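Protein sequences appear in the order of chains Z and S. Sequential numbering from 1 applies to the first sequence in my numbering. Sequential numbering from 1 applies to the second sequence in my numbering.
Note that these hints are calculated values from the structure, not bench results. None of these values were measured; they are calculated from a predicted model. Using N, Cα and C, we set each Cβ at its ideal position, and we do this for glycine too. Errors might be hidden in some of the hints.
Computed Cβ-Cβ distance ranges for the label pairs, DEER-style [unchecked claim]:
1) S:103 - Z:143: 49 to 59 Å
2) S:313 - Z:9: 47 to 57 Å
3) S:228 - Z:99: 42 to 52 Å
4) S:51 - Z:206: 43 to 53 Å
Derived BS3-like pairs: lysine-lysine, alpha-carbon spacing no greater than 30 Å straight-line [said to hold, decoys possible]:
5) S:255 - Z:150
6) S:108 - S:87
7) Z:117 - S:108
8) Z:148 - S:210
9) S:143 - Z:114
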Amino acid sequence: MANYPFTPQAAEHVQKLDLKITELDNPEYSRIVERARKRIEEAILSAVVTEQTRNDEIEILSFPIALIIVTAAKDPSLKRRYALAEAKRAYNILKQENKQKLTEVAKIFGWKIKQAKTSTAIPQTATADFTVHFTDYLRNTGNFRESKWKLINRNMFKGEVYLKKDEAARLLSEEVRGHVEEKLETKIELTLPQTVAKEVERLRQLFVSQKGKIRQEEMPTETVIDAFPPCIRQLYSMAPNGRHISHIGRFALTSFLINSGMPIENVIEVFRPTSDFSEKMTRYQVEHIAGGRGSRTKYIPPRCDTLRTHGICPGMDEICRKVRHPLGYYRRKLRTIKAQTSAPTAAAGGK
Amino acid sequence: MEKREFAFLLSKEKTMLRHKGFKSVDDLRNFLQSVAPSDVYYSSAYFERPEEEMDAKGWLGADLIFDIDADHIPTPCDKQHDLWTCKSCGASGHGIKPEKCPRCGGQKFTDLVWLCDTCLESAKEETTKLINVLDEDFGFSIKELTLAFSGHRGYHVHVESEAIRTLDSMARKEIVDYMAGIGLEPSLYGFEKGSNPSLEDSGWRGRIAKGTYEFLLTTAQEQLENVGLKKKIARAIIQQKETILESWKKNGPWKILKRVDSEGWEEIIRQAIRSQSVKIDTVVTTDVHRLIRLANTLHGETGLLKIEVPANEIERFDPLKSAEAFRHGTIDIHASYAPQFRLGDSTYGPYKNQRVELPTAAAMLLLCKGVANIPEDASNVR
Numbered sequence: 001m002a003n004y005p006f007t008p009q010a011a012e013h014v015q016k017l018d019l020k021i022t023e024l025d026n027p028e029y030s031r032i033v034e035r036a037r038k039r040i041e042e043a044i045l046s047a048v049v050t051e052q053t054r055n056d057e058i059e060i061l062s063f064p065i066a067l068i069i070v071t072a073a074k075d076p077s078l079k080r081r082y083a084l085a086e087a088k089r090a091y092n093i094l095k096q097e098n099k100q101k102l103t104e105v106a107k108i109f110g111w112k113i114k115q116a117k118t119s120t121a122i123p124q125t126a127t128a129d130f131t132v133h134f135t136d137y138l139r140n141t142g143n144f145r146e147s148k149w150k151l152i153n154r155n156m157f158k159g160e161v162y163l164k165k166d167e168a169a170r171l172l173s174e175e176v177r178g179h180v181e182e183k184l185e186t187k188i189e190l191t192l193p194q195t196v197a198k199e200v201e202r203l204r205q206l207f208v209s210q211k212g213k214i215r216q217e218e219m220p221t222e223t224v225i226d227a228f229p230p231c232i233r234q235l236y237s238m239a240p241n242g243r244h245i246s247h248i249g250r251f252a253l254t255s256f257l258i259n260s261g262m263p264i265e266n267v268i269e270v271f272r273p274t275s276d277f278s279e280k281m282t283r284y285q286v287e288h289i290a291g292g293r294g295s296r297t298k299y300i301p302p303r304c305d306t307l308r309t310h311g312i313c314p315g316m317d318e319i320c321r322k323v324r325h326p327l328g329y330y331r332r333k334l335r336t337i338k339a340q341t342s343a344p345t346a347a348a349g350g351k
Numbered sequence: 001m002e003k004r005e006f007a008f009l010l011s012k013e014k015t016m017l018r019h020k021g022f023k024s025v026d027d028l029r030n031f032l033q034s035v036a037p038s039d040v041y042y043s044s045a046y047f048e049r050p051e052e053e054m055d056a057k058g059w060l061g062a063d064l065i066f067d068i069d070a071d072h073i074p075t076p077c078d079k080q081h082d083l084w085t086c087k088s089c090g091a092s093g094h095g096i097k098p099e100k101c102p103r104c105g106g107q108k109f110t111d112l113v114w115l116c117d118t119c120l121e122s123a124k125e126e127t128t129k130l131i132n133v134l135d136e137d138f139g140f141s142i143k144e145l146t147l148a149f150s151g152h153r154g155y156h157v158h159v160e161s162e163a164i165r166t167l168d169s170m171a172r173k174e175i176v177d178y179m180a181g182i183g184l185e186p187s188l189y190g191f192e193k194g195s196n197p198s199l200e201d202s203g204w205r206g207r208i209a210k211g212t213y214e215f216l217l218t219t220a221q222e223q224l225e226n227v228g229l230k231k232k233i234a235r236a237i238i239q240q241k242e243t244i245l246e247s248w249k250k251n252g253p254w255k256i257l258k259r260v261d262s263e264g265w266e267e268i269i270r271q272a273i274r275s276q277s278v279k280i281d282t283v284v285t286t287d288v289h290r291l292i293r294l295a296n297t298l299h300g301e302t303g304l305l306k307i308e309v310p311a312n313e314i315e316r317f318d319p320l321k322s323a324e325a326f327r328h329g330t331i332d333i334h335a336s337y338a339p340q341f342r343l344g345d346s347t348y349g350p351y352k353n354q355r356v357e358l359p360t361a362a363a364m365l366l367l368c369k370g371v372a373n374i375p376e377d378a379s380n381v382r
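This is chain Z alone, in the form it adopts within the complex:
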């Protein structure tokens, strides 16, 4: 249970102990709070939780306390980082477990998992350890970018996807990540005891300073056409020629331009020459995508693989292979362009 503090069994155990949050600064809990702090600290600094105390009780209890602290810090990226770190911890443990244990943990999350039987219809299943239902598989591979994780590259038979043990552990840790993230989204207003509140503030500060180190430079305010990825470049060149652009192509182009900092008026102008231009309609849609209407969400372009599915991707170049999002490409290319021109003061406006 100490290995899997995120399971309902562990949660039940914690509940029985009837721990009061208001009493957390009581010295008898100090070791638990201390362990919770360590969990988060390691997550912030190394994006993983590796250490483990010998005391199972402390291991189990420190997890929900850490959740409370991270939730209280109210920083979405800290939440993501902590969830990732706990997931990595789970992965490291899961890949060492035997098949039976791994199956048990997967079933806690409602997976349809079985130990694989060799099928003559699929010769490669000889090396597989498990099968999971493709829905469990798809729910947890959305963030994986290696092509071996694409469903089409898996052996699948009658809805069952074949996996090696290490892959099953990786997939299961992704489930853990989602689960922890979900727990961190719980909206509870708590009054934390002073010492814990102080800890929250200290960890938040630590994260901010750590994040400052890894944060990439801000997007420039001027759109740099030379830094467009091939897909956007193609769409962008289609518009002035009045070529018809598909619905999803328009969405990709518009959201990209807006996110690259192009003013709404200029974006509308891009579409003026298209064969079926209507200013009113275009304005409405551009403003909607920019977050100025209705739901007030500012949209970002679809990911590379989505563009590929819908036939927007014209083929990859060198940089494309390193990114999975058109905006990622743009940021990367901007950096190279900047490095090449290497003007000490970034020329205002650029080109």
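Fit chain S to the given chain Z structure using the hints.
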């Protein structure tokens, strides 16, 4: 039913009436009788409050749907029955509409798309492939699948299963890629890594083998070169056909075709994937808020019914017969244009600017397509 959104295309106003919900079939029937829309749609999605605006509906899940339409399939008829007309200069032509008008360079067209046995047969073949993958690879039972002729140029396949209901758009995109052969890496199926695919294999492994088999044995030298194979490789393939055929009994042709380099194999496998992939509309399946035509209602562009077909009867299914809605009487019309077409057991046309008395279903098709009208002095309907 009470969790679905319904939408209606109003015949006269040509506007879409959306965000309607119904508690029972009777309520819907009464509504249809009083409004008489040209087209009826419902959402593949389930909502807590189907009558609210999109953001407030409360999405609960959606069926997994596939749309197969002759528009997305290269067909042997090359859509010669379709007619495009340039909006600026009036030039027109048959077949798939060009990007630019050959006469004036204009890019706005009106187009008339038609439906023929060849188009519908291609769509049927793709549908059969789709059902096969849904069954073999995805493990859906036939009773979880609903199959229907769309009333125009294709088929709709719905999977109504609890298991897939809450899959998000990203997950559905992976299913689309699986069907359409997008992102497949042959090396991950053991190609060139010692365990090459064989014809008995299941899933895409088997499909790579089957597609390669067909391609190598049925393609002429010239076509082999057309897809990018070097001349000497193409010649080697043609010369060794017997050996290739023989090789499938053992380990396949992968190692015996010495002249084919890895680039050549890549090209061959790309062709194999193309022929084995299912040509579906990628947007429809990934859209978790899609509206789809309701079965047993008319398609406003044809006057034919969207009609369900049991999955195991698709082979024998004749859409141009079964989907006829108007089976009695005739209508006297003036047809401005129509290629030759079949409906039921009869063939009609071609017509050009002529007055003709047609069985109701055939007349409705022309009227719905906008290529005919009812003359003022006609004594319809008989």
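Given the hinted pair residue 143 of chain S and residue 114 of chain Z, is their Cα-Cα distance within 30 Å? holds, 24 Å
For the pair residue 103 of chain S and residue 143 of chain Z, does the Cβ-Cβ distance stay inside 49 to 59 Å? holds, 51 Å
Just to be sure I understand the hint, the distance between the Cβ atoms of residue 313 of chain S and residue 9 of chain Z should be within 47 to 57 Å; is that true here? Because 50 Å falls inside the window, the suggested range holds.
So does residue 228 of chain S sit 42 to 52 Å from residue 99 of chain Z, Cβ to Cβ? holds, 46 Å
For residue 117 of chain Z and residue 108 of chain S, compute the direct alpha-carbon distance and say whether it is at most 30 Å. Violated, because 58 Å separates the two Cα atoms, which is more than 30 Å.
Do the alpha carbons of residue 255 of chain S and residue 150 of chain Z lie within 30 Å of each other, as the hint requires? Distance of about 27 Å is within 30 Å: holds.
Straight-line Cα separation of residue 148 of chain Z and residue 210 of chain S no greater than 30 Å? holds, 22 Å
Hinted pair residue 108 of chain S and residue 87 of chain S, Cα distance within 30 Å: Holds - the C-alpha atoms of residue 87 of chain S and residue 108 of chain S are around 5 Å apart, at most 30 Å.
Is 43 to 53 Å a correct range for the gap between the Cβ atoms of residue 51 of chain S and residue 206 of chain Z? Given a distance of about 49 Å, which is inside 43 to 53 Å, the answer is holds.
Checked against the numbered hints given earlier, this structure breaks only hint 7.
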